[in-house]
Amino acid sequence: MIKKQSIYILIIFLLAFTMLFQPTRGVIQKTAADFFYPFFSLVLKIKNIVNQKVLARKNKNILSAKVLELQRNNSKLSAKCEHIEALLNENNELRKLLGLKPNPYYNYIFAEIIYRDPLEWFNRFTINKGETDLIENGAVVLARISTDYPPTKTQFGVVGRIDSISKHTASVSTIVSDQCNLSVFIPENGATGVLTRGERDGSKCLTKVSYLPRDLIYKPFSPVLTSGMSSLTPANLKVGNIMEEKDSAAISVYNNLFVEAKLKPAVDLNHLKTVLILVKK
Amino acid sequence: MIHLSYIFLLLFISIFGELFFGSYYIIMPFAAVIIFYLTMIYNLKIGIILAIIVGSLLDILYGHTHYISPITLSLVVLFSIFWLHKGIVKHLHLQILPGGTISFIYAFPLLAINYFLNENGFLMFLINMLILLLTIIFGAVLLPITILLLDSINAKLKINLYTCSKNRLVESR
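Residue numbers (our numbering), protein chains in the order written: chain A, 1 to 281; chain B, 1 to 173.
Be a bit skeptical, because a hint or two may be false.
Simulated pairs of lysine-lysine, DSS-like, Cα-Cα distance not exceeding 27 Å [said to hold, decoys possible]:
1) LYS158(B) / LYS4(A)
2) LYS45(A) / LYS60(A)
3) LYS219(A) / LYS238(A)
4) LYS45(A) / LYS273(A)
5) LYS47(A) / LYS60(A)
6) LYS76(A) / LYS281(A)
7) LYS30(A) / LYS47(A)
8) LYS3(A) / LYS45(B)
9) LYS4(A) / LYS45(B)
10) LYS4(A) / LYS166(B)
For the record, the hints were derived by calculation from the structure and aren't laboratory data.
Isolated chain A, as found in the complex (with noise of 0.2 Å):
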């Protein structure tokens, strides 16, 4: 009785030590959510077919309306493509002959959001790409820019970084999360600062950029750009803009040795299903 009673004790504590140990951690992470991930592919299968029966369903002549648009916009982007891959290719001829380092190239990788927590929602997610897809950890996630944005120009916001990695899916830190540290800059003044983290209220949710100059002007609606510091973050892609100043200061000093910016992010992090991946070549 008593040897019985000791065995089940030694296994509640060899679980709990497993569970609280980081290496064995990793690896439970890893495991679980490989083991998880065909059933939600399978999820995300039936909810595409799903969606492609429903469009079926629509008139067959404004659908071959929209897939003729599609495929005049799709040359003229093919077309720009061309023509931006012949000015990089110049660009990086000139760059080699002063001697300078030839910019990074990167590899745009699409992926579906297949769970996310209830609690964190605007923390964190996980995504249907991992090791197998050539995903690393720290890169950069983007996704496309909410509506109330200009709609001529499609743009992509930075969402947040690849967290941690399985063999086919990898858990990203939106900017919101403290897990998430990004090195910014801002255009009209020439600042830089580090992201850091986050805090939602209602449906909104903002985040902070530390350790900005004391010295220099922060204007309301400000753009806030990544640096590219990091060769995993390419320069010049939108993070947010500065808060306005209503209920709580948007801008202030911290401890008289910098600023700290409230920043509005440019992603609906709210209504995210799809995101790019970008990896250094």
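With chain A held as given, fit chain B onto it using these hints.
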């Protein structure tokens, strides 16, 4: 062997269900309901072990920095033992009460910790209250359905029934 596969399947469904509904901003207390059910048909020790496994897996998969789910699920196990001794297990409609209670035990600490760590303001407090209320309702509905469904499967598999768990307690005395 049949018990192991049965437990594994139930735990898999509970974790998958919780993750699936979580993606739609719903806390569906599948894990709490399944742990409660398994503790009632097996015993406290197995319940605690399963609570630690399921709770840790949920926290690890969600990427939580605070590991609270194993503790809240262990509290669910303790409540199930209390219900086994003091509650009524025969009538299915009365299981709404433990269903709501275990949902509260499971979700309240998670919501409270998250509120104090990541959120602020009265609006967020109200949203959290609404989520808690919905979770309690889901749990209250889910437990009787789960009992009805699993008891009918258990009868065919010759595994202990929830509705007969009180009889087993009397026999063991």
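Starting from LYS76(A), check that the Cα of LYS281(A) is at most 27 Å away, please.
Distance of about 25 Å is within 27 Å: holds.
If you draw a straight line from the CA of LYS3(A) to the CA of LYS45(B), is it 27 Å or shorter?
Holds, at roughly 14 Å.
Assess, step by step, whether the Cα of LYS219(A) is no farther than 27 Å from the Cα of LYS238(A), and give holds or violated.
Roughly 17 Å separates the two Cα atoms, so the pair holds.
Given the hinted pair LYS158(B) and LYS4(A), is their alpha-carbon gap at most 27 Å?
25 Å, holds
Hinted pair, alpha-carbon criterion (27 Å max): LYS4(A), LYS166(B). Please report holds or violated.
Status holds; Cα separation ~24 Å.
Compare the distance between the alpha carbons of LYS4(A) and LYS45(B) with 27 Å, and conclude whether the hinted pair is satisfied.
With Cα atoms ~10 Å apart, LYS4(A) and LYS45(B) stay inside 27 Å; holds.
For a C-alpha distance cap of 27 Å, please report whether LYS45(A) and LYS273(A) respect it.
14 Å, holds
27 Å limit on alpha-carbon distance, applied to hinted pair LYS47(A) and LYS60(A):
This hinted pair holds, its Cα atoms lying about 22 Å apart.
Take a quick look at whether LYS45(A) and LYS60(A) sit within 27 Å of each other, Cα to Cα.
24 Å, holds
LYS30(A) and LYS47(A) were given as a pair; does the straight-line alpha-carbon distance stay at or below 27 Å?
25 Å, holds
The structure shown violates none of the earlier numbered hints.
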